[in-house]
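Listed below, chain by chain, are the residues.
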Amino acid sequence: MIKLTVNGQAHQLDLDPNTPLLWVIRDHVGLTGTKYGCGMAQCGACTLYLNGAPVRSCSTPLAAAAGGRITTIEGLDNAAGKAVRKAWAELDVVQCGFCQSGQIMSAAALLTQNPSPTDADIEVAMAGNICRCATYARIRTAIKQAAAGLA
Amino acid sequence: MKNDRIENLSRRGFLKQGLTLGAGLTLGLHLPVAAKGLQAGPGIAGGDERAAGTFEPNAFVRIGTDDSVTVIVKHLEMGQGTYTGLPTLVAEELDARWDQIRAEGAPADARRYNNLFWGQTQGTGGSTAIANSWEQLRQAGAVAREMLVEAAARRWQVEASRIQVRAGVLSHPGGKRATFGELAEAAAALPVPEEVLLKDPTEFRLIGNPNLRRKDSAGKLDGSALFTQDVKLPGMLTAVVAHAPRFGAKLKSFDKSPAQAIPGVKQVVQIPTGVAVLAEDFWSAKLGRDALAPSVRWDETEAFKLGSDEILTRYRALAAQPGTPARKAGDPEQASAAADKMIEAEFVVPFLAHAAMEPLNCVIAPAGEGVRVLNGEQFQTADQAAVAGVLGLKPEQVNIDMLFAGGSFGRRANPKSDYVVEAAEIFKAAGGKLPVKLQWTREDDTRGGWYRPLYLHRLRAGLDQQGDPLFWEHRIVGQSIISGTAFEQALIADGVDHTSVEGASNLPYRIPNLRVDLHSPKLGIPVLWWRSVGSTHTAFAVECMIDALAVAAGRDPVDYRLGLLAGQPRQQGVLKLAAAKAGWGENPGPGRGRGVAVHKSSNSYVAQVVDVTVRGDAFSVDRVVIAVDCGIAVNPEVIKAQMEGGMGFGLSAALGDALTLKEGYVEQSNFHDYQVLRSNRMPQVEVHIMPSTERPTGVGEPATPVIAPALANALAAATGRRLYRLPLKLA
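Heads up: the sequence lines are chains A and B, in that order.
Our numbering puts the first sequence at residues 1 to 151.
Our numbering puts the second sequence at residues 1 to 731.
Since the hints were made in silico from the structure, they are not lab data.
Hints should not be assumed to be uniformly reliable.
Under the rule of at most 20 Å between Cα atoms (straight-line distance), these lysine to aspartate or glutamate pairs were calculated in the EDC-like manner [unchecked claim]:
1) B:K581 x B:D622
2) B:K286 x A:D14
3) B:K266 x A:D121
4) A:K144 x B:D622
These numbers were taken from a predicted model, which means no experiment stands behind them.
Next up, chain B with everything else stripped away, as it sits in the complex (with noise of 0.2 Å):
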């Protein structure tokens, strides 16, 4: 493989004129013992002094004389297990050992550190931190590997040809051994190689395998993990503040006395998105904000004042026009005369909140000309421009410290930053002399907007004779998430936002006459994406659809999808394992039901087979068995684990997370209200990866979708009768 964009860091003396962050040094006093040895940490390390004789072939790779090596990490940690899907990459080919490999996070420098497959932007989702890193990071292993093999041929005067690497150690047949961090300093002085080779997939021995631990977890044992809301600097003042009660309200007035007289409180600052309380800790700064709020006047003239039922009937009438044409295939008009029987039916999804278990949070502290943004960081380029924006500064003064993320599913990828530009407009408004956290409390996290929107689906199919499918209509009505953002040009095309009917518009299965359109309303509530995307809902509709349609032919749903999945063998592959795992076509006995789905997005596919008892009007998840082909399996485990998880996060909002608006007001508020699944309700789960040569994709998101129409598939069958609505209730 060419190398292109690999170079000697360490020869080339980067690290002293590039990384400016000596402030890292200050934050590293106030770490932990434990974060610094031998395991994953965050971006703080950027700051640290080399030892003499490191390593540092490129980017991605830092060799000790210690004998650690150390991965740089471009991607947030944010659960999903990056910290230990791109070290195998580069230990694979490195032919390192797993115990000698700790993860660093990166700093911003889309240069760099840009996601391969956004351009010129750094930034992590849409699960593919492993598909775009897949040659990348096994480059930057090889480059390694061979550089300390030609520092070993020297120092030996062998040839290098007959020098083995295994397991971190470099040996020759005439006896010689040597470890990495033996010839590190010598390897540091020689030229990048400009070809290299990569392994074949036959002679992989860290890819694939098991039972390699995850490189994030003693840290996360012992508390000793730093995350944003860790942060403590010198100095540094906590904010809390008080936003608008409804989207769009603006500020009129308000009184600082009340926070004032809190002890503790420092500052009280107007921000664009409302009053700011400084404090020198949280709880001060929460007082503060506490008693301030009922003095808060606000504009609502242009805020908005829907509330969820309204917004649906407003959609429903939309669903009744035709909309923009996302895919069109035959004549579903024409086709639809000449159907046997026909099904209708609309689906509904509600507002949905991340609440990821941090709250949203960011500190922002001065640093030199510029300043540093500490953060579990998710979209450096759009933050670190943002941020750049409010403070007058190029964006290559702002700094980012990339932290863990206690959770994100999307939240902390913002095209508008939202958090982040709120935390440097509080630390403007402050002086910009001081550090500042900005804090957001469990209810404004809640309420604070960013959602995922709402969407009303309306299908319409009919049956030929034989009960197969003759025609597909498919109209989709929902907020835009791309529209108004810098991805516009990338992801809308002729009027369809691709996020709005992904999973609908590439509707796998073999239907002559097929239509699929959309309408994309305009509304003041914020929108984002939330794990998975599109497919949050597309999936809902199409596979309980799918399975109306199979049960009215009278044919079995497994043997119906796999016929009409010709020609698609990875859907058919997942959908037939997970049946024949689940033990498919077994009467699960009375009262229970059996549901599967199978949905392709983030380019892998999973199928999901559920078990629910039925009782009266409650119900129980029992099982379920899930199938993924995710191209090469490089972390097992992880991939199982963000299966389980994954599938977790989609049946907590099948069961029970549902945000909804009453003349604007956000209903819910805090974990009492906003019910997402507890333990009690998890299922016992089964992951079932399929062996494949093809490249790795997405794990972190493709499992989510899949539940819902896998459980309301389950419901159906146990009861007869099927459900439309999220969250899934039957009383």
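One chain only, chain A, in its complex shape (with noise of 0.2 Å):
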């Protein structure tokens, strides 16, 4: 049994250590806001929050979370998040949506470190979650848009 807190509740799961968090999430759990999309840490499109860290879940094994605090798009209410997602609907950012829980985890994880972050900042924080619908040029205005409404 292994335990993991997701979005503050408690879980005991009776699986193989190896599995990766985000199968674990999305399909023992039963929050499917995370995405698969790769695989392999390419795309960003499974990003959560490790105690409190973003982590790329499809190669993080279970056995890494093993009593820690997962926060999934679900459960993202912290101030960064709550600018994040006001941003994103008043620029409307959002195109076919797929990658975007993963987006907005990073862009939250990124405000929450740095609430007034340069376009070098963005870059660096951003450049691991791929949009095909290449909603980039929105993106960045609505992080810059919600670190204004941060401050």
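Starting from two chains that each stand alone, build the complex the way the hints lay out.
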């Protein structure tokens, strides 16, 4: 049995400890906002927080999260998360939306650490999140707008 | 406008008898609560009970006593904004409040929800959603509005002509007021008017309004939006497939036992495209597939074994021979003798995967006598028939719940229904009793075929002494997308696949002697349309070539084009607009270059001006200024987003995407080697929309093909070197 706390709820999971955290969350915990896009930490669609830090859950084994605190897009409710969602909605960032859970998790993590990021900071923080609809320009603007909202 | 399509469904009880999606309730139980309220949702609400008094005047509008207005959207939302665009048309004529509108995906029913440009076929593609629905959905809104007005007139005993409707409220000068919800039940009992008047465009309040936010945002911001990947049904098995390593290989033998040894694996079944491993969850199925794969033996006698380089060599030999004529004017051969300057060029573009963020998937579940397909569904009518064929059902026994698609770019609309058929084959082989979700891995998705074909273009043109083009010869070599599909009759004429030459055979430039011809070699690589289809390669060849002619003539590339576009005011219009907004003519500075391209596709016109900075063999794309003429701008913000994103999708292919073959094996597999655009290379983008009173035309695709030539032209301006291959590399 491996214990996890997901969005504040305790879970006990009887699974192979090598199972990627992504599939634990999606298929066993039952939260599907975190997406599978590549399975090798290349696209960022599976980004969630493990003990407060963003990780690519597709490449994080369950064992590495044992006893840990996980926040998924469904549970993101801190100030940065709220500011990011508000800016995303106001600027109509989403298109197909499949990558956006990951984009939002990365953006909110950036703003939590660094409330007034420069363009270079944004570039570094977001380069691991692919969006095939290429909403990148709006994401950049939205992060700045969210930062202004947090200030 | 004559009303010949709309009937009162609520009055005729259609919903009770027609919507047999009772199983929708099952899925409804698995829906996150947030997916239910006033926001766009996928087409699962068909299983919900209608509240008493609901007003459903036609197949597109449902008004509840709670004052909600649901617009049934017949097209797939895959990011292009159709769950916002189509409701705008209804809401405009209905005079609804934007915040009372919600969007819902339509069920599969080609009689009601066909694409009006495609005959009796339901499907999404070619950037036609707004264009084909322009009258239909405004009429649907106008009919509902008139019935609400009539209901109010009867209730208040006043003349209907004195009733005003504004932002979801009906009012009479005498002081009476009522909301849509208060009148819904009464309106539902009325006959449908035979004719309704549509608004004059000067009366539009929502069409053209930049302040309407997207209807699909909320669920995409909190993780509750439902994609095919997220479907979970009781008893459902997830299938991962061992596919052939080369196209055309046939399954010889396999050993089930390594897969069966994986905990969670339930079944291992043979299907025409390989071996499927079904498990209780994805990861077990994937481990099972990976364990099985080494045991699978393939007969590769008929497999495709060439590499991209060999294909190119063959194409080059073909390009030396005349092809099937696609367009001819004057006498290019004779004219070539009189030319003062000759320019020749060969352009090459690689195979491309669509690489949508959501790897392909499809769910099939038993439902009564038939089945229920849950999918980000782009080609309902073709897929219904294909699934019915596999399962021995009638097409109408295949119900489809239209979910959101995590991108598609054409991939989910396959005339051969490849991945949908694969799901049906697995469902059948597994016994047909349990719901099955087919889930491709990213590697399956990259290596699974149905690519934008590799194309080679050879161009030859001559200038007269003034530098004007005397003749233009354009030879195109590449696989036909349409050949062998149900679209042959519509899209292949006189041996020419229209989608292979579009953007080239309709060359807009005035050139007296012209020849465009085509070779459509057959290869064992499955190919498919990819966002903007033929224009993805023709625009690159044509717009780079015309730029080369301008430079050879010593003329300004914008002026040169404008001169050759006499009589093409919309092409000229976007070109002038983009040039003016970009500051064309100013010196961009040392190490920098500015390039331009203009192209018509999906009946819309797009010009782009690109600024680049070159440092040695590296370059950065600094800014792209886009001008678009898509007729009446229904949703300016959606149009801007599609211009930005469509350009970004094309930029991805201009900078990095390339799918190559070696001995028949696809060399790339995932995003580490199939390198798509990331945020650090996304330029600053400006979009300018041309004011217009023309009918609306497409916006999902037309920005995509323009960026590669504009960028190549900018690099040529900066370095003096012209690039002829995509992706563009200076080194």
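Comparing the hints with the structure gives:
Among the hinted pairs, B:K581 with B:D622 is consistent with the structure: their alpha-carbon atoms are about 15 Å apart, no more than 20 Å. A C-alpha spacing of about 19 Å is found between B:K286 and A:D14, which places the hinted pair at or below 20 Å, so the restraint holds. Of the supplied pair hints, the one linking B:K266 and A:D121 is violated, its CA atoms being roughly 47 Å apart against a limit of 20 Å. Taking the CA atoms of A:K144 and B:D622, the gap is near 19 Å; set against the 20 Å cutoff, the hint holds.
Checked against the numbered hints above, the structure breaks only hint 3 and satisfies the rest.
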